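Chains as they are written, first to last, in this note's numbering: chain G, 1 to 337; chain C, 1 to 327.
Hints are computed from structural coordinates only; laboratory data are not their basis.
Remember, it's a predicted structure, so these values are computed and weren't measured experimentally.
For every residue, glycine included, the Cβ atom is placed at its ideal position computed from N, Cα and C.
Treat the hints with care, as some may be off.
[To be verified] Partial list, computed: chain G residues near chain C (C-beta under 8 Å):
(1) 116
(2) 120
(3) 121
(4) 131
(5) 135
(6) 140
(7) 252
(8) 287
(9) 290
(10) 308
Spelled out from the first residue to the last, the chains are:
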Amino acid sequence: MRRLLWPVVVLVLLLALNIFFTPSFFSIQVRDGHLYGSLIDILRFGAPLILVSLGMTLVIATGGIDLSVGSVVAISGALACLQISQDAGLFTAVATALGLCLVLGAWNGLLVATVGIQPIIATLILMVAGRGLAQLITDGQIITVNNPAYKVIGGGYWLTVPFGILIVIAVLAITAFLTRRLALGMLIESVGGNAEASRLAGIRARGIIIMVYAFAALCAGVAGLMISSNVSSADGNNAGLWIELDAILAVVIGGTSLSGGRFSLSGTVLGALIIQTLTTTIYSIGVPPETTLLFKALVVTAVCLIQSPTFRAKAFRRRGRPASQSPAPEEKVRVTA
Amino acid sequence: MTALTVGRTTLPAKYLPVLVTGCLFVAMFVAGGIRYEGFASGQVILNVFIDNAFLLVVAVGMTFVILTGGIDLSVGSVVALSTMIAASLMEGPGWPPYVVVPLVLAIGSGLGLAMGWIIQAFDIQPFIVTLAGMFLARGLCYTIGTDSIPIDDPTFTAFAQTRIDLFADLWISPSVVIALVVVAVAAYVLHYTRFGRSVYATGGSEQSALLMGLPVARTKIIVYTLSGFCSALGGVLVSFYMLSGYGLHAVGMELDAIAAVVIGGALLTGGSGFLLGTVLGVLVLGLIQTILTFEGTLSSWWTKIFIGLLLFVFILFQRLFSARSRR
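This is chain G alone, in the form it adopts within the complex (with noise of 0.2 Å):
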């Protein structure tokens, strides 16, 4: 619970934050029956981005990394407005979009564990290549779907609370259930610390690589959906553009390691959480467009400096420094006052 700390005070410092902007930014009402309020918003709108942090979470664990996100999150969105658009189901839509999704996640854990590419680059393939699917999918075009049901996904409600964070917490839930209640979380922590180690030891390395990895796209692919069913349209070029580097980020700022063997599921969720806030806090005190990537920079710096053990005892030390050079005599009648 000490790793996470550090996270948990930066995501109350950036909410505290939000209070001298915007005094109402911890109200919470019911309107119409549902959910309102700038918490509520954080929540919802960071929905997909927690998702897609989930998956990475247990990919970043084995030791690899995965950039095919961003696409995948696109090609699940794009097909699944396309079969909608063309009077297919629901169900229908949504289950060819993740299954699609599945397949692709497979093929990136293929090219990994049984080719033996560097996962960088395995994953680089399907980045590339997925926003070309995904244009493909929409003929370059922007799909756009009426369709009340499919905008339940990522707009809906469902007693009150938006049902894109109750997605989530069910997601959170199983990975919570199946890697720490189950043993699966310490097989993957064990593929990470070392693949050949653990595949000696009898655990099927190759099995667990490649369904984290299945795994993450279709988080990223319900993401998708979510993100596309929002604004109930389905853009190829830029749905899930880059969000791979925000989820890297949360992970990371979550306290997992990139080099794998050890993962904090909380912490990425508390990651997600801070780059949406992050996000929020932007435009709720207004900060110029232009200048926003230069304040995201400047915090995720700050983040990692508060994180890092060793800038925390360096910069201690330095404040400690003078107590302990100035003469015995002075100090001596500091600690009795």
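Using the hints, position chain C against chain G.
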């Protein structure tokens, strides 16, 4: 296959990935020559160099970083920032190029130095620090201006239009000469100097390198500085090539550079790879684009799918040959 077997017996195993990449590159060129008329000419290869001189320079810097086991995601943004600073300083206050270019190179190196120092001093993962650097440089671009700034400085345009004639109607641009000089210097530094050996040692095992008394901290900071310098130089070459400064130049170039280094046979875990491999990697990426232009009318999405496919086929073959010969 026989050629590869001969290669294995005569060459040390560490050269194998580079050798396989080289053979595959030649095979790809021959295949292109058979398929397209006018493909198999010397100028096609030279054009690959001309169109990718900046990527070559950037990838050289990336090679150093990857050899130490790090990664630098900021290169594309630093390239864009360099074009932007150069263009705005020459167009607005009208600074002369011989002031602007050194200034741009200094800014790039400074950014690299800062990132390297943060990575080393506070023990933060390079991926994240350089990602923040990427946001920072791109953000600085937009702060300078959101529109494309044209460059009509006489020195720059003269540099852009110069052709260096070689024998038999072949020609290259001055940028290619700069890129090749960078490659030559970097190859010398990497393979024949004490610093180069420290780079390999740090990437192979940081712990062992430390215990051997090698200056690991200094090496790591220097490689990021070098990468920043190379990115800035790449940015200068881009502004020769495009004759404009724009915040959206070189989007995604970091991935191209990383891909080039890895295609060239380097391991992202560090300690293994060659500069010649990186050159081949850049050429492979350039040749893929050339093949696509010869293919003619492809829509932008089919182009992306084809790039992915060709990359896949190439890496698959590379992997299969290297793995089989190693056993």
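Tested hints:
1. 116: holds (6 Å)
2. 120: holds (6 Å)
3. 121: Status holds, d = 5 Å.
4. 131: holds (5 Å)
5. 135: This interface hint holds because 4 Å falls under the 8 Å limit.
6. 140: holds (6 Å)
7. 252: holds (5 Å)
8. 287: Since the shortest Cβ distance to chain C is 10 Å, the answer is violated.
9. 290: holds (4 Å)
10. 308: holds (4 Å)
Hint compliance for this structure: hint 8 alone is broken.
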